[in-house]
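Chemist: Each chain, letter by letter, is given below.
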Amino acid sequence: MPNVTVLPQTNQLIGLYSIIRDQNTKRGDFVFYSDRIIRLLVEEGLNQLPVEKSVISCHGGHEYVGAKFLGKICGVSIVRAGESMEMGLRDCCRSVRIGKILIQRDEETALPKLFYEKLPEDISERYVFLLDPMLATGGSAMMAVEVLLKRGVKSNRIFFLNLLAAPEGIKAFQEKYPDVNIITGGIDEKLDEDKYIVPGLGDFGDRYYGI
Amino acid sequence: MADTRISPGVVDSSFISQTNLRTSLVDSATSTSQDVHRLNNSKYIPPWTEPYIIGVAGNSGSGKTSISQKIIEHLNQPWTVLLSFDNFYKPLTKEQSVKAFNNEWDFDRPESLDLDLLVEVVGKLKKGEKAEIPVYSFASHSRTNKTTTIYGANVIIIEGLYALYDQRLLDMMDIKIYVDTDLDICLSRRLTRDILYRKRDLSGAMKQWETFVKPNAVKFLNPTMNNADLVIPRGLDNVNAIDLMIRHIQKQLYIKSLSHIEHLKTIGINLKFNIEEFPNVKTLRDTNQTRGINSIIFDKTTKLDDFIFNFNRVATLIIEQALGFLTSYSKVVIKTDPRNCEFDGLVQDDKILAVTIIRSGDCFNQSIKRTFLDIPLGKLLIQSDSRTGEPQLHFEKLPKGMTELTHKKIMLFDAQIVSGAAAIMAIQILIDHKVKQQEIILCAYLSTEIGLRRILRVFPDVNIVIGKLSSMNGTENFPDYNQEKFLDTDWHFRHRFIDSLYFGTP
Numbered sequence: 001m002p003n004v005t006v007l008p009q010t011n012q013l014i015g016l017y018s019i020i021r022d023q024n025t026k027r028g029d030f031v032f033y034s035d036r037i038i039r040l041l042v043e044e045g046l047n048q049l050p051v052e053k054s055v056i057s058c059h060g061g062h063e064y065v066g067a068k069f070l071g072k073i074c075g076v077s078i079v080r081a082g083e084s085m086e087m088g089l090r091d092c093c094r095s096v097r098i099g100k101i102l103i104q105r106d107e108e109t110a111l112p113k114l115f116y117e118k119l120p121e122d123i124s125e126r127y128v129f130l131l132d133p134m135l136a137t138g139g140s141a142m143m144a145v146e147v148l149l150k151r152g153v154k155s156n157r158i159f160f161l162n163l164l165a166a167p168e169g170i171k172a173f174q175e176k177y178p179d180v181n182i183i184t185g186g187i188d189e190k191l192d193e194d195k196y197i198v199p200g201l202g203d204f205g206d207r208y209y210g211i
Numbered sequence: 212m213a214d215t216r217i218s219p220g221v222v223d224s225s226f227i228s229q230t231n232l233r234t235s236l237v238d239s240a241t242s243t244s245q246d247v248h249r250l251n252n253s254k255y256i257p258p259w260t261e262p263y264i265i266g267v268a269g270n271s272g273s274g275k276t277s278i279s280q281k282i283i284e285h286l287n288q289p290w291t292v293l294l295s296f297d298n299f300y301k302p303l304t305k306e307q308s309v310k311a312f313n314n315e316w317d318f319d320r321p322e323s324l325d326l327d328l329l330v331e332v333v334g335k336l337k338k339g340e341k342a343e344i345p346v347y348s349f350a351s352h353s354r355t356n357k358t359t360t361i362y363g364a365n366v367i368i369i370e371g372l373y374a375l376y377d378q379r380l381l382d383m384m385d386i387k388i389y390v391d392t393d394l395d396i397c398l399s400r401r402l403t404r405d406i407l408y409r410k411r412d413l414s415g416a417m418k419q420w421e422t423f424v425k426p427n428a429v430k431f432l433n434p435t436m437n438n439a440d441l442v443i444p445r446g447l448d449n450v451n452a453i454d455l456m457i458r459h460i461q462k463q464l465y466i467k468s469l470s471h472i473e474h475l476k477t478i479g480i481n482l483k484f485n486i487e488e489f490p491n492v493k494t495l496r497d498t499n500q501t502r503g504i505n506s507i508i509f510d511k512t513t514k515l516d517d518f519i520f521n522f523n524r525v526a527t528l529i530i531e532q533a534l535g536f537l538t539s540y541s542k543v544v545i546k547t548d549p550r551n552c553e554f555d556g557l558v559q560d561d562k563i564l565a566v567t568i569i570r571s572g573d574c575f576n577q578s579i580k581r582t583f584l585d586i587p588l589g590k591l592l593i594q595s596d597s598r599t600g601e602p603q604l605h606f607e608k609l610p611k612g613m614t615e616l617t618h619k620k621i622m623l624f625d626a627q628i629v630s631g632a633a634a635i636m637a638i639q640i641l642i643d644h645k646v647k648q649q650e651i652i653l654c655a656y657l658s659t660e661i662g663l664r665r666i667l668r669v670f671p672d673v674n675i676v677i678g679k680l681s682s683m684n685g686t687e688n689f690p691d692y693n694q695e696k697f698l699d700t701d702w703h704f705r706h707r708f709i710d711s712l713y714f715g716t717p
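Here the protein sequences line up with chains A and B, keeping their order.
Position 77 of the first sequence, counting from 1, maps to 77 under our numbering, and the rest follow consecutively.
Position 125 of the second sequence, counting from 1, maps to 336 under our numbering, and the rest follow consecutively.
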């Protein structure tokens with residue numbers, strides 16, 4: 001799958017997912033171990049950004065050709081669940097700007113509807129880490145991508161970070177936005193008839209915020 | 212912004228000088244394939260398995276204790292242990308105890324001492340094992356239920372009436388000292404001590420002296436003077452004799468630490484080193500991201516807060532990489548919300564413990580806290596002697612119950628491996644506490660090749676994760692993990708600058 005990165009499924013990572021998937025896991029543990037996975041996702045995203053060669057003058061006087069990160073980045077979280085990933089992002093890029101998009105299901109049409117957006121002015125020049133922990137049908141994330149594209153962000157500069165994805169969501173995404181990068185912690189079996197990811201991990205936002 | 216330019220301070224007084232590295236290059240070129248087979252034969256002998264043992268005997272009140280304290284004070288060696296015979300009296304039965312309170316019990320015969328236990332304790336310390344020292348109460352004439360735990364003695368002073376009496380102890384001693392003070396002076400000192408500090412009355416104390424102390428001294432103690440290498444007349448007053456003795460001991464210790472360093476230097480140089488042949492050694496993947504982070508950390512113009520932030524990032528990556536060495540997992544079926552779907556999960560069997568080498572290893576503390584919800588954290592303080600460069604263990608506090616745990620991994624942290632000496636010593640300490648090599652994961656951000664070789668030469672089965680590994684040789688073909696062509700001789704691999712910058716103090 002081009003542009004889709006799945007974190008290496010190590011025993012350690014499966015162990016982490018075993019904790020956060022478990023319905024009996026307490027909120028404190030859920031938050032702690034989710035944050036750990038989120039940092040791995042962010043580091044993987046950062047790893048995919050281009051670098052340029054740069055001569056580094058080391059402590060002690062040695063010089064060598066190192067690497068410098070290129071370009072500016074920003075985070076965009078899809079309210080509410082996506083905001084849970086902001087701390088993990090800040091743990092890896094300290095003073096990163098963070099934009100927000102609120103998308104909700106329209107009660108009349110049952111389609112996702114954009115309620116609110118607040119994005120950095122210069123977002124068109126930036127690499128964007130789009131944050132939403134679950135990729136199910138991809139409806140709201142694709143709407144968010146639409147917003148970003150309208151603001152002039154290049155599609156290959158969008159990195160959609162999520163903890164768990166359904167194959168249906170990935171497929172939909174790739175058909176509509178083949179250039180958008182998806183970085184996920186794991187791909188689950190399928191969506192069930194109610195569009196829940198199975199086996200999944202429940203409602204991420206509810207569990208993270210303890211509601 | 213002034214504090215962001217702190218010059219990374221202390222030069223690691225590590226013992227590889229550049230010249231040594233050069234000679235080692237020549238050596239490695241002539242190494243043969245036999246080296247691999249010799250791998251397991253190389254053994255690290257930590258200084259505490261060859262402690263320098265001093266015996267100090269003499270009459271009650273002769274000034275043994277004062278002289279022993281004088282030795283300790285002048286040697287100024289970490290891990291000097293004073294074993295006083297006072298704590299090795301045999302516990303008394305009820306009847307014996309009654310006699311003792313009436314001053315009718317003979318404490319001054321060799322039989323009243325548990326010499327077997329003392330021999331056992333010294334033997335254990337000599338093997339580098341932990342030993343429990345009993346605590347004896349003169350007020351109740353019995354052992355208290357407390358013990359003092361001692362481990363890793365560099366110098367042991369055995370001080371007591373009969374320090375030079377038991378042949379088994381004599382055999383273990385490096386120097387035997389007898390303090391020969393006039394009996395009248397001994398008596399006056401003894402009376403003062405018994406009455407003031409041991410809460411006896413005058414007549415009782417005199418009775419003891421006449422019935423037990425003096426006859427025993429003549430019968431058992433005085434002959435042990437023949438076992439001594441050195442007899443000090445007049446005790447503490449004999450300034451010249453004490454001065455000569457201390458100089459002699461200092462010289463012996465200096466020779467001992469030089470041979471320790473010589474031994475360390477030779478380890479690993481001839482090891483045929485190919486990292487692919489060590490599945491237990493991993494370096495951080497060379498990616499844009501790690502190169503970028505390294506560049507920020509190495510760059511002398513980086514601001515202090517960026518330095519700390521990026522070190523925490525790379526430290527977290529090193530820890531995640533280290534967790535790849537965990538092999539034991541159990542299958543478990545997890546139920547997920549909201550449909551009770553089943554997920555075939557894994558539960559990690561090993562309990563993880565962390566041990567940091569103060570202070571450099573403490574740069575990992577924040578990343579440890581970030582990765583593990585609750586993790587016992589032990590500490591080791593190992594420092595190089597400023598005079599000889601010899602690594603010395605100063606302080607040791609390991610997680611409780613570590614030895615007894617069956618499924619465990621101990622993550623050992625040091626920001627940098629320069630000579631390898633501190634890491635070797637730290638691993639040896641864990642092994643002395645019955646931890647297996649395979650249970651240890653050593654995590655370091657920077658390492659020299661020679662340091663890593665030394666560690667592997669002594670402990671070929673320890674798991675190791677290195678953030679960035681330099682190379683011993685400056686040839687054309689650098690290994691994949693070192694495309695930046697860093698050499699062991701580069702300043703930032705040779706100096707402990709990470710913790711100086713991280714904590715902002717030299």
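Honestly, I wouldn't trust all of these hints.
Chain B side only, calculated, beta carbon under 10 angstroms to chain A, not exhaustive [stated by the list, open to error]:
1. R524
2. E531
3. L537
4. E553
5. L557
6. K608
7. K611
8. T614
9. H703
10. H706
Source of the hints: derived by calculation from the structure; they are not laboratory data.
Backbone N, C-alpha and C fix where the C-beta goes; we use that ideal spot for every residue, glycine too.
Chemist: Let me know if the C-beta of B:K611 comes in closer than 10 angstroms to any C-beta of chain A, holds or violated.
Modeler: Nearest chain A Cβ about 23 angstroms off; hint violated.
Chemist: Grab the minimum C-beta distance from B:R524 to chain A and call the hint holds if it beats 10 angstroms, violated otherwise.
Modeler: With a minimum Cβ separation of about 6 angstroms from chain A (threshold 10 angstroms), the hint on B:R524 holds.
Chemist: Checking hints one by one. Is B:L537 an interface residue toward chain A, by the C-beta closer than 10 angstroms rule?
Modeler: Status holds, d = 6 angstroms.
Chemist: Hint B:L557 vs chain A: min CB-CB distance below 10 angstroms?
Modeler: holds (5 angstroms)
Chemist: Would the hint on B:E531 be counted as holding, given a Cβ-Cβ threshold of 10 angstroms to chain A?
Modeler: Holds. Min distance 7 angstroms.
Chemist: Does the closest beta carbon of chain A sit nearer than 10 angstroms to the beta carbon of B:H703?
Modeler: Since the shortest Cβ distance to chain A is 5 angstroms, the answer is holds.
Chemist: Please verify that hint: B:T614, Cβ, nearest Cβ of chain A, below 10 angstroms or not.
Modeler: For B:T614, the interface hint is violated, since the closest Cβ of chain A sits about 25 angstroms away, which is over 10 angstroms.
Chemist: Would you settle whether the hint for B:K608 is holds or violated, based on the nearest Cβ-Cβ distance to chain A being less than 10 angstroms?
Modeler: Violated, because the Cβ-Cβ distance from B:K608 to chain A comes to roughly 26 angstroms (cut-off 10 angstroms).
Chemist: Does B:E553 pass the interface check with chain A, least Cβ-Cβ distance below 10 angstroms?
Modeler: Holds, about 6 angstroms.
Chemist: Using the nearest Cβ pair, does B:H706 come within less than 10 angstroms of chain A?
Modeler: holds (6 angstroms)
Figure legend: structure checked against the earlier numbered hints; hints not met, in rising order: 6, 7, 8.
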